Each structure stands twice: as structure tokens, then as C-alpha cells.
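These protein sequences, in sequence, are chains A and B.
Just so we're aligned, residue 1241 is where the first sequence starts under our numbering, counting upward by one.
Just so we're aligned, residue 1241 is where the second sequence starts under our numbering, counting upward by one.
In short, the hints are calculated from the structure, not lab data.
Since the structure is predicted, the reported quantities are computational estimates derived from the model, not experimental observations.
Quick reminder that beta carbons are idealized off the backbone N, C-alpha and C, glycines included.
Be careful, since some hints might not be right.
[As the list claims (entries may be wrong)] Heads up, simulated SDA-like pairs for lysine to any residue below, C-alpha to C-alpha not over 20 angstroms straight-line:
1) Lys1506/B x Leu1437/A
2) Lys1315/A x Gly1355/B
3) Lys1427/A x Trp1443/B
4) Lys1491/B x Pro1426/A
5) Lys1332/B x Gln1350/A
6) Lys1431/B x His1499/A
7) Lys1511/B x Glu1439/A
8) Lys1387/A x His1459/A
9) Lys1511/B x Asp1306/A
10) Lys1428/A x Asp1269/B
11) Lys1413/B x Gln1441/A
12) Lys1315/A x Ala1292/B
13) Lys1506/B x His1459/A
[Said to hold, decoys possible] To spell it out: a stretch of chain B is covered by chain A in this simulated footprint if at least three of its residues, at any positions, have a beta carbon under 8 angstroms from a beta carbon of chain A; those stretches are:
14) 1436-1445
15) 1471-1485
Listed below are the residues making up each chain.
Protein chains: 2
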Amino acid sequence: MIKENKFHPGKKPLHKFPTAGKKLCKLNDKELEEETHELGVRLGELQELIYAESKQKVLIVLQGLDTSGKDGTVKHVFSETNPQGVRVVSFKQPTDIEKRHDYLWRIHQQTPALGEMVIFNRSHYEDYIIPAVHKTLPPKKIERRIKEINHFEDMLLSEGVTLFKFFLHISRKEQAQRIQERLNNPKKHWKFSLSDLNERQFWDQYQKAYDTILKATHHKDRPWDIIPADDKKIRNYEISNILVQRLEKLKPEFPMMDHNVIRKIKSEAAKILRF
Amino acid sequence: MIKENKFHPGKKPLHKFPTAGKKLCKLNDKELEEETHELGVRLGELQELIYAESKQKVLIVLQGLDTSGKDGTVKHVFSETNPQGVRVVSFKQPTDIEKRHDYLWRIHQQTPALGEMVIFNRSHYEDYIIPAVHKTLPPKKIERRIKEINHFEDMLLSEGVTLFKFFLHISRKEQAQRIQERLNNPKKHWKFSLSDLNERQFWDQYQKAYDTILKATHHKDRPWDIIPADDKKIRNYEISNILVQRLEKLKPEFPMMDHNVIRKIKSEAAKILRF
């Protein structure tokens, strides 16, 4: 595993964080896949316990530039979880109705309930990033959202949410290859969007906006993990590993009934279950 | 495979349908598991195509008495699908707010959008079954719901929904064993509910109510399949098989862009993707 806490936002700027990660990881491809599979199985078990226990709320935020692998992460990291208890919410362009509300309105509706594991494929962070990149809001309003997002997340935490935030960090070169692949491979046409090309021209602005927001919303209890995402195997492994390590600490358990209660029920049940 | 169309509600009453199905199936346990796994993989592929294509809406209704295996079906049949694009909705006792609306209000909100596969773990059928069993509504009102449910489902179909309805059919004896197991196995305590014991005492009323509603809401375009559910392997196999067979007929495909459009985009993209 890449050393823990190595990829939290800190003093160095985003572009100093690796996007490849290959050199940092001692496992070869086959070992990576095996380890990721094992982590995936354990993640599935933990998710079942969390669902059964119904005492924890888990929220996993996936952010990253276009083509950074958010969909692939959902597909591969969560392959062993149970669709009952896991909910994926993909935030697209806000609808007309959503636009008439504050930007956290639609987000708040989708936060996890007890026992749930919710994955945000994009999130409220878009509501900072997009205006910051395209200057569609007054600077003060954009700036204020940092504070608002922090307050919102603090509230979620104090109400029992365990929050993961992953930034899928890819290189400019890797993005070009992925967009090209979506154009070249007919089976990937559906993933191509003209806006990916347009937005790519704001690469530097995106890096700057992310650099700011990652630092400003990183907190030890709701950390950002900057995931080297050029290599999909590394990405899946790293995310799986972080999820499993932190979820283990919650020690979810199957809730058991009191011994005496069970005994009483059993004696009453005997007749009903006899025929 | 158990012969197609064998288990649609028809002239014979529910209790004449098998709950075991072992005798009807020529596969042994190992073959069943292998076949079910292969069907599961294909179901995952079909689901990905449906999601990518975004032209179909798929709704899968799971009904059955307590302990009939609705949760297990979700876990095992859909294990190869992608949580992005698949949504499980478990309908519990209606909340106070839900009770203030008509019974289809909360159901309608959860129906699938284009590209989605939605699984209803319990459904609007509870709103017929429960009042019919416990006589909590005037007979005319209960009766009327049959027509309303048919109208509602017809509308969904005409708006592009492919509707599956599975009734998980278990024997009285098997239910007793499953409730006992939930009491005996501490890891299953969380699945035990006192109401399972209470409701079991209305076994005959449940059979009668299901017998009526299954017949009255069975239609060739939105059929009920009565699944022999005493054996979990048979259950998973049968449901997987029916899903795959019918979804294949939809012929979902990756949507492709027009050749000329792609060529034009590529030439424009070249510069953007160069650096």
C-alpha cells in the first residue's frame, strides 16, 4: 500500500502529487488485482454489517476531472457490495427546479440514512469548482461556499456520518488518451461528451480551483485522499484499501438480541412454528 | 430451466404451485450454481448496456411472505450488476407523511428513469395484501385497488417500463424453519421480527389474498412469475433466467455516434488533445 496519509492535501500544490503512483507501489499488476479483490470482498462484508447494524451512515464523495475514473471506481471498487444498502447518486447539471433552490438542497436530500452507504459521483464540490473555473458567480459568493461546505460537512459528521472524499488525480496526458479512446471505440461513444473537450481547455483553472478547495476542506475527521488515478489498478487498490481500513475502525457488528428476550420469544414461538 | 410460462398464475390456485421445484429441475446443485453465475454475469452486461443506452426502464417487483427470500434475491441475483444504474427500494411500513398521501404516491416516486434498473423489495402489492388479510379497509376499497394497480402498471408500460413481478413462493414448513433459524443464529437476529410470528398466524389469509391479486394483475406484458422459493439455489437460478431471457429481447446496445459527426469532432479535437 502507498504509505498512509501520504496523499492528503497539505503544503505542496496539487501538481506536485503523483498521478501515476506506479513507482510508489511495490505490488505487480497481478498482486494488485488479487489484493484489490480481497479488499473488495472485505468491503462487501463490512457493508453488510453496517446495513445490518443500522447505526452508521457512510458517505463516499468521488471528485475528479472529466475522465478521471469516477464511474470506473463505482463499478470496480464496489463490485462485492449489496445493492440493497448501497446507493449511488450521480449529480449532473442541476435541473431547472434544483437551480431554484440553494446548491446544497439536492445534495442534502441524498445523504445516507442509518445503515446506508451512499456514493456521490460528483457532489457539492462541483458547486465550488464550476463557478471558480468559469467565474459565473461573484468571487465573494464562491469564497463563501468553502465555509458553507465545511459547516455542512461538520454537521453531517456530528450527526453520525463517516465521510470519505476521494480526488481522482490524473495527468493531462492521460486525459487526452482517455478522451481519444472514447472517440475511437464505438462502445465508448456513449461516454464521450463535447463538454469534456471544452472543459479540457480550462485545465489550469481546474487544477487551481481544486488545489484551493481540497486544502480548504481537508480535515482529519473528513480527509481528502488524493488518489493517483492514471493507472486504474492502482486507483482501485488505493481506494479499496482506504475504505476498508477506515471502515474496520467503526467495528460494525451484527446486532444481537438479549439472551433473555430471545429465550422468551422462543418459548412463545414454539407453538406458532409447530404447524 | 423449469419450463417457461409454467409458473404464471392461471386456473389453478396458488397452493397447487410448487414451492420446492427440485423435482422439476434437471440440474444438480453445482450445475445450478454455475449456470446462475453465468446468468448473473450476463445480467450485469445487459444492465450496463441498458444504462449506457438510456432508452429502457426496468422495474423488478419482489413479493412474497416474510422470510420468502426477497433480500437474498437482491444479494445473489444482482451481484454482478453495477450499483450505478441499479437502485433497490425497500418499502417498509409507510411513514406518517406517506400515510397522508394515496398509497401509490411513494411508489410512483421510485419508478425507474431511462437507463435505470429498479428493484422493489415489497411494493404497492402490500397495499392490497395487508388490508385484504387484516380487513383494515372496506371491501370495496380493497377491491378497487386491483383495478387501480392494473391502471398504474399499464401506464408505466405505455411509458416504456419493462416490468417483472416475482412472487417468491415458500411452504409453511420452510417459513417455520427460517424463522427458527433467525432466532437460533445470533448473526441472523437482526433479520428477526416479532411481526413475522404474528403474521404467520394469518397464513391462510395471505395465501388467499395473493391467490386473488396474482391472478387479477397477471398480464402477458407484465406477468407474474411464481418462483419455487424453498430452495435458494433454484430461486436464484429461476429469477436470473427469466430476467436474462426477457432483457435479451430488448436488445440493448451501446449507443453509437454517427460516423460523420465523429469524424468532424475528431478533427476539431486533435488540437485540444495534443497538449
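Structure-based check of each hint:
1. Lys1506/B x Leu1437/A: holds (10 angstroms)
2. Lys1315/A x Gly1355/B: It holds: about 16 angstroms lies between the C-alpha atoms, which stays within 20 angstroms.
3. Lys1427/A x Trp1443/B: violated (51 angstroms)
4. Lys1491/B x Pro1426/A: holds (17 angstroms)
5. Lys1332/B x Gln1350/A: Roughly 19 angstroms between the alpha carbons, so the hint for lysine 1332/B and glutamine 1350/A holds.
6. Lys1431/B x His1499/A: Holds: lysine 1431/B and histidine 1499/A sit about 16 angstroms apart, inside 20 angstroms.
7. Lys1511/B x Glu1439/A: Roughly 14 angstroms between the alpha carbons, so the hint for lysine 1511/B and glutamate 1439/A holds.
8. Lys1387/A x His1459/A: holds (13 angstroms)
9. Lys1511/B x Asp1306/A: Since the Cα atoms of lysine 1511/B and aspartate 1306/A sit roughly 18 angstroms apart, the hinted pair holds (cutoff 20 angstroms).
10. Lys1428/A x Asp1269/B: With a Cα-Cα distance of about 38 angstroms, the restraint between lysine 1428/A and aspartate 1269/B is violated, given a limit of 20 angstroms.
11. Lys1413/B x Gln1441/A: violated (67 angstroms)
12. Lys1315/A x Ala1292/B: Holds, at about 13 angstroms.
13. Lys1506/B x His1459/A: Roughly 42 angstroms between the alpha carbons, so the hint for lysine 1506/B and histidine 1459/A is violated.
14. 1436-1445: holds (count 3)
15. 1471-1485: violated (count 0)
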